[in-house]
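Engineer: The chain contents come next:
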Amino acid sequence: MAQEEQTGRSIFTDLDDGTSDEEINKWQRTFRLWRETLRDHWGKLTDELSVKLSLITVAAFVLIGIFAPFIATHEPLTRQYQGEAEILIDKWAEPSILGADSGYILGTTAEGFDIFSQLVYGTRAALMVGLIAAVFTAGIGTLVGLVAGYYGGKVDDALMRLVDFLYGMPLLPTVIVLVAVLGPNLWNIIFALIILQWRSTARVIRSQSLSLRERPFVKAAEVAGAGDWHIISRHLAPNVLPLTFLYGSFGIAWAILAEAGVSFIGLGDPNTVSWGTMLQASRAYSALQFGAWWWFVPPGICIGLLVISGFLIGRGYEEITNPKLQ
Amino acid sequence: MSDDDVLLEVDNLKKHFKVNEGWIASLLQSVSGGEPDYVHAVDGVSFELREGETLGLAGESGCGKTTTGMSLVKLHEPTAGDIEYDDKRLSEASDAELKEFRQNAQMIFQDPFESLNPRMTVYDIVAEPLRIHDIRNETARVQRALEFAELEPAEQYFDQYPHELSGGQRQRVAIARALVLDPDFIVADEPVSMLDVSLRAGVLSLLDRMTEEFGLSVVYISHDLSLLRHMCDRLAIMYMGKIVEKGPTDQIIENPQHPYTQALINAVPVPDPDVGRERVELQGEVGDVIDIPTGCRFKDRCPKHMGEVCDKVVPPLEQKADVDADQDIACHLFESAEGYDPYEELEGRSAASDASDDTESAPADD
Ligand SMILES: Nc1ncnc2c1ncn2[C@@H]1O[C@H](COP(=O)(O)OP(=O)(O)OP(=O)(O)O)[C@@H](O)[C@H]1O
Ligand code: SF4
Ligand SMILES: [Mg+2]
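Quick note, the sequences are listed as chains A and B, same order. Mind the numbering: the first sequence is residues 1 to 326 in the working numbering, read in order. Mind the numbering: the second sequence is residues 1 to 366 in the working numbering, read in order.
If we strip away everything but chain A, and leave its shape as in the complex, we get (with noise of 0.2 Å):
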């Protein structure tokens, strides 16, 4: 402004001359105060025994799924035959670790394959299910709400309607339809788990959103001429964060849960191993009434040790980014 020059009042004035050469690295301080904070979460975070054990089964899965080709011992899709004359083995073999003189861990299935094997692979299938749907159903969710309910009136209408249609439909059955619709494969199911899933997310973090930007912190950045993405960026998006972490680590759990329940009904894909389509194949050959439990309990046992964790670790998280709840 004019007057600024006029009065010379202003105490920056000197501070115009020349660019000083102090500046801070702005990169070297975002990275630093992004450490901190997750630092300071990760410390309260692994505070409770829960969390840690829950973590730990996590990251012992992740291992396992990143390394499953050296610590399988056998493809797990592929026959195993017994002898010269090719013939399937006749039932089943028993697990070596129930001392049997098969040569397989937890014997095989009915098919003639690994079931240890499948087991290892089954990890990879699960954890890519859970983590690429529970980033895009928490991502999508995220980014949904956020514009809804920053920018409100028609827009968040014509969004919130969409969210409410999607509540119309039941996950499970909307899913198995999907899948048969679109063809059992591993792409297909997770494609329908996102689909289905973002909804909460979204609403969620809308209703968030739009109390957040009502606050004071918000119209301050709006006096000082911040535009609207920078208010959603800066002000909104940090804010509702960990809300986004904990639908993720909760989405991860339901894919999981999800992804088995559509294989055991039989429309998980064929050419890729799931602890879904195990327990579905264990089903198909009876192996309850034969009381082949080393079929079907070991894939049931990895579900349930995946989803709780996913469901521990995200009630850890809200517990530390939601004090109230202590």
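Keep in mind that the hints were calculated from the coordinates and are not lab data. All residues carry an ideal CB built from backbone N, CA and C; glycine is no exception. Be a bit skeptical, because a hint or two may be false.
What the hints assert, rightly or not - Okay, the calculated bits of chain B under chain A, using three or more residues with CB under 8 Å as the criterion:
| # | region |
| --- | --- |
| 1 | 103–111 |
| 2 | 127–140 |
| 3 | 234–242 |
To be verified - Derived DEER-like restraints, expressed as beta-carbon distance ranges:
| # | chain 1 | residue 1 | chain 2 | residue 2 | range |
| --- | --- | --- | --- | --- | --- |
| 4 | A | Asp-164 | B | Glu-285 | 19 to 27 Å |
| 5 | A | Gly-183 | B | Lys-18 | 49 to 57 Å |
| 6 | A | Leu-241 | B | Ser-30 | 34 to 42 Å |
| 7 | A | Leu-241 | B | Ser-205 | 34 to 42 Å |
To be verified - Here are the simulated EDC-like cross-link-like pairs (lysine to aspartate or glutamate), alpha carbons at most 16 Å apart as the crow flies:
| # | chain 1 | residue 1 | chain 2 | residue 2 |
| --- | --- | --- | --- | --- |
| 8 | A | Lys-26 | B | Asp-159 |
| 9 | A | Lys-26 | B | Glu-138 |
| 10 | A | Lys-26 | B | Asp-341 |
| 11 | A | Lys-219 | B | Glu-114 |
| 12 | A | Lys-44 | A | Glu-319 |
| 13 | A | Lys-26 | B | Asp-134 |
| 14 | B | Lys-99 | A | Asp-228 |
| 15 | B | Lys-74 | A | Glu-214 |
| 16 | B | Lys-320 | B | Asp-341 |
| 17 | B | Lys-88 | B | Asp-11 |
| 18 | A | Lys-26 | B | Asp-124 |
| 19 | B | Lys-88 | B | Asp-5 |
| 20 | B | Lys-18 | B | Asp-291 |
Keeping the supplied structure of chain A fixed, place chain B with the ligands upon it in accordance with the hints.
Structural biologist: Same frame as chain A, but now just chain B with the ligands:
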């Protein structure tokens, strides 16, 4: 005072909020064709803010002080009326002019626990306006602003988060943030009312220094007249979205004319017991801000009520014949210096049955 000294001119500003009744009511309304209800938060306010001046806005809770303040920094789009900044109408301003306005108009909010983003550090909070406006020397400016707000050494506060600071320190950060762009004027909405009494004096003297050293114009909003009395050059008293009296602070405090101002001043617990004024509670309820009453808005509580003219004719804010020229009053008790005769209007009105008066609501955006 010449026209050139006027920084901000508020011209018949109105801000009405649509009453939120939920979608069933609004559906019924759209079917039956009824008019939606509006809260007349600010309902025709005119004043000017001169360069280097401190103006106080006073009035009871809900009279529209905050809404007026927020409209001044364009946090609200006015329902009607306009604001002129530097002889430019804001409603007609180009994007570039608006950006310049944003750089020169800042606001300090009531609640320092709410006005700072909990996930940003002090440095980022104060630097944010500089980044938005692409201003160089970020670090040096942030440091200077924090030091001015008496947060020293500034570097020590850079990486702190709001929750690590006390209420007083937070309000100082908010002040530093408002000052860092070197604005022309600041709206301070109850800047100390949420602070501990022991911290208020410190923040107030900082605000005082801010007006002196920056040559800023400031609009102080408060219901505490004793605070406004020692911070402000001029006062405007608001009641139900309108200014009922305005003028130089000393004149308003020592010689209030409008019955509402008198009641308000008497209701202030006077800090000095020697003055011997008794504390008087305001009688009665504030009127309905949705269904605005006809005539004077203070009529139901006014001890000097004069009958039909008060009930029917809206008293304009104007100079009065027997009162100092720079003190404007909106009350029929005083004779207009401009020759306006409310009784004439009263007769004209009863003749023409009910002509529409001032209370019609223009559509509001929210
Ligand atoms: N965003 C909004 N939507 C709807 N009504 C509002 C909104 N903001 C304010 N109001 C209403 O407008 C009127 C004036 O409010 P405002 O906050 O301006 O009063 P105030 O003088 O600042 O009061 P206080 O001293 O309590 O802060 C009140 O009746 C309030 O309920
Ligand atoms: S116009 Fe009448 S009712 Fe209103 S303040 Fe004056 S005397 Fe009282
Ligand atoms: Mg207020």
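Engineer: Give a verdict on every hint.
Structural biologist: A quick look at each hint next to the structure:
1. 103–111: It holds: at least three residues are needed, and the region 103–111 of chain B offers 8 whose Cβ sits within less than 8 Å of chain A.
2. 127–140: Our answer is that it holds, as 9 residues pass the Cβ test (under 8 Å) against chain A, meeting three.
3. 234–242: violated (count 0)
4. Asp-164/A - Glu-285/B: 19 to 27 Å: violated, 41 Å
5. Gly-183/A - Lys-18/B: 49 to 57 Å: holds, 51 Å
6. Leu-241/A - Ser-30/B: 34 to 42 Å: holds, 39 Å
7. Leu-241/A - Ser-205/B: 34 to 42 Å: holds, 39 Å
8. Lys-26/A - Asp-159/B: holds, 13 Å
9. Lys-26/A - Glu-138/B: holds, 11 Å
10. Lys-26/A - Asp-341/B: Given that 16 Å is the threshold and the Cα spacing comes to 66 Å, the pair is violated.
11. Lys-219/A - Glu-114/B: holds, 10 Å
12. Lys-44/A - Glu-319/A: Answer holds: Lys-44/A to Glu-319/A is near 10 Å, not above 16 Å.
13. Lys-26/A - Asp-134/B: With Cα atoms ~14 Å apart, Lys-26/A and Asp-134/B stay inside 16 Å; holds.
14. Lys-99/B - Asp-228/A: Since the Cα atoms of Lys-99/B and Asp-228/A sit roughly 14 Å apart, the hinted pair holds (cutoff 16 Å).
15. Lys-74/B - Glu-214/A: holds, 15 Å
16. Lys-320/B - Asp-341/B: holds, 12 Å
17. Lys-88/B - Asp-11/B: The hint holds at about 12 Å.
18. Lys-26/A - Asp-124/B: holds, 10 Å
19. Lys-88/B - Asp-5/B: holds, 14 Å
20. Lys-18/B - Asp-291/B: Within the cut-off at roughly 12 Å; holds.
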